[in-house]
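> Sequences and hints are given; from them, build the entire structure.
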Amino acid sequence: MATTVLHPAAPTYRSGLYDWITTTDHKKIGILYIVNSFIFFFIGGILAMLVRSELAFPGLQILSDQTYNEVFTMHATMMIFLFVIPMLAGFGNYVMPLQIGAPDMAFPRINALSFWMLPLGGFLILLGFVTGGTAAAGWTSYSPLAQDRPLGSTGSGQDLWIVGLTLVGTSSILGAVNFLVTIFKMRAPGMTLFRMPLLTWTVLVTAVLVLLATPVFTSAVIMLFIDRNLGGSFFDPANGGDAILYQNVFWFYSHPAVYVMILIAMGTVSEILPVFSRKPLFGYKAFVFATVAIGALGFSVWAHHMFTTGAVYLPFFSLMTFLIAVPTGVKFFNWIFTMWRGQIRVATPLLFAIGFLTMFLIGGINGAFSASVPVDFALHDTYFVVAHLHYVLFGGSVFGIMAGLYYWFPKMTGRMLNETLGKIQFVLMFIGFNMTFFPMHELGLSGMPRRIADYSSTAGWNDLNLVATIGGFTIAASMVPLLWNVFLSLRSGAIAGDDPWEGNTLEWATTSPPPPYNFDRLPEIRSERPVFDARHGPKSHALTTTDEH
Amino acid sequence: MTTDEHALATTEHNPVAGLSHDSTGGISNVVLGMLLFLTSEVMFFAGLFAAYFSVRAHSPLWPPLNPETSEAFHVEILPLVGPATVLLILSSFTCQFAVWGIRRGDRVAFVRNIAVTFVIGITFLVMQAIDYAALGSEGLTLASGPYGTTYFTLTGFHGAHVFGGVVMLGVVLYRGMSGQFSARHHDAVEAASLYWHFVDVVWILLFSLLYLLPGKTPQG
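For the protein sequence lines, the chains are E and X, in the order given.
Be aware that the first sequence starts at 1, since it is given in the working numbering, and climbs by one per residue.
Be aware that the second sequence starts at 1, since it is given in the working numbering, and climbs by one per residue.
In short, the hints are calculated from the structure, not lab data.
No residue lacks a Cβ here, since even glycine has one placed at the ideal position from N, Cα and C.
DEER-style ranges, computed between Cβ atoms: (1) E:SER53 / X:LEU61: 49 to 57 Å; (2) E:LEU120 / X:ALA115: 33 to 41 Å; (3) X:ALA134 / E:LEU113: 37 to 45 Å; (4) E:VAL373 / X:HIS58: 21 to 29 Å; (5) X:GLN180 / E:VAL346: 57 to 65 Å; (6) X:GLY136 / E:TYR142: 26 to 34 Å; (7) X:GLN180 / E:TRP20: 29 to 37 Å; (8) E:PRO280 / X:GLY105: 47 to 55 Å; (9) E:THR309 / X:ALA115: 51 to 59 Å; (10) E:GLY447 / X:LYS216: 41 to 49 Å; (11) E:TRP20 / X:VAL171: 24 to 32 Å; (12) E:PHE369 / X:ASN66: 51 to 59 Å.
This is the structure:
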């Protein structure tokens, strides 16, 4: 039997589309993740504009009550499950194997499977719009609201939501297994755990969270499915079930999911700040331990979403929630002292990273408000909570995503994005974001509940709602310079070269875009900044690929 | 420097060739992947078990009486469930014998033991189906209140995992019979065996919970 030895660079021709559909290259799959996530981001964004349009003035203008419920449910579902989580997984997919000097993920075909479940899941969830109504019980789908009975969620949309999210969850779990095996088994020689770049560390902790939390969510929605379709009685008190049980199993996943949505963004910012401050990250190990601590504490705070149920032990969950502020505060020290006395280069990735720092800080502070039990009793289910969650998920995650996009776009495409358009986008987004969500604090404090389509014109909420709506459309407008920028750059952008930002980590040691097998040669790895060492250190004895074997 | 030493050094230090496979020894990618996947499976069943305990705690009487006959449902260890449990536990042993066999390179012992494990798996599923039919004819179904819902969901998802395991064992058996495994290359066998042990352990927990844990009365 003949033995065929394939050189890693063996060229195989496949047509463009077929190549993208069948690819198992982690970089192409990463780009697929990112593009797919942006498509769902725009769908979720249009839904958000519908919500803001309806709330601009009192009264029902464009949506009915039922449609409004569907729209805000789909908005949150798209943004959480099909934008932020997979977008960050996309960065992990593209960048992490490069950062640890691996040729690909550990299981490339499972990687492709993980990706392709996402568009299918998203499609099923949205399919409700043409089958008589999507899920409408909020992204939390509390029981008995989400049960199939009068005043509940009676359509097939809720079932499509369950099936779609089961697919998305399975995709996350398989992805997490893949990330973990890759990180534990595929690191280049010399890449010890404490030399791993911070994005890789946050991918590692995120994958552990996904692995332990997502299956519980899957079990929760499957039990909901059994209740709705097979006559089960898990969550419906009318049938002897336990409604609080659903909230427990749901939040056991969905609170760690908050960290799934922020840790990789924190990792991204921690890659960008050192590069644009021309300094190493201040307190590398402290940052790593803080990340691990956030992941671990993240499993003991879920019931702070359930303070007002009266069914959870308030002091414990309140204390644990406050404790999360400690490792998060450590990270703020890391970030601020990384920039302190650095040679700051004000480029778009840095602007978005600073946007992340400031906005996420506000989200952390108003989160600490809500962690206090008596305050939470007053604020529960008001717009204050909406303000808080958008300051962490938009001000945090989305600003982090934009920072990462501007930072790694040259690596992914080989071309630079335009700085002027990038700064215009940042200014529009920053102003629009604060116009939209800052007034929501005040609305919440004055008692406006979440998830209402209409409000009294005499409640005193008119002006702030109008401001929020104008802000919302400003955010939407900020997407125009982004899309134009990407279009221009792909058509005629400046050539990026291997290392346009003078980066520290291994993804900058290869070409832009990298070859399918990632590296022709790797620099020696003697610290967490191998590319910095190779650039500034004594002439390194770089290892090259030999063709003798 | 001899030629052999040089070749070894190249493999170890070649940044590309050294990475595509695990060169440092230790657990293989496939086995580690399966262990991590099983971790997520543990959490999935943890969610279902949590639901069981919660629903049970909210019920005044457990197990509840059959509303038609006012007697207890016949969820009993004999004649089917006990023997099925013994069989499933035995199958973990035969599965492990198969793994030990292929680690020694003994393909005959390996194929025989996997075949026995595979047959036991199918037998377990058949016995479970017969038991389900008997309970159904008594009126205990997924839709007959919290007891039926939790009973059939827990055992049903376990059964689905047994089915998955049987499929894996079938693939391993087929590949083993066509000689694809050896003492050095049998990651799939190790992984399938881990999965099968997991399925077995879940059943032991489920059996203890559903058949051995005393019920509760309104006073207790």
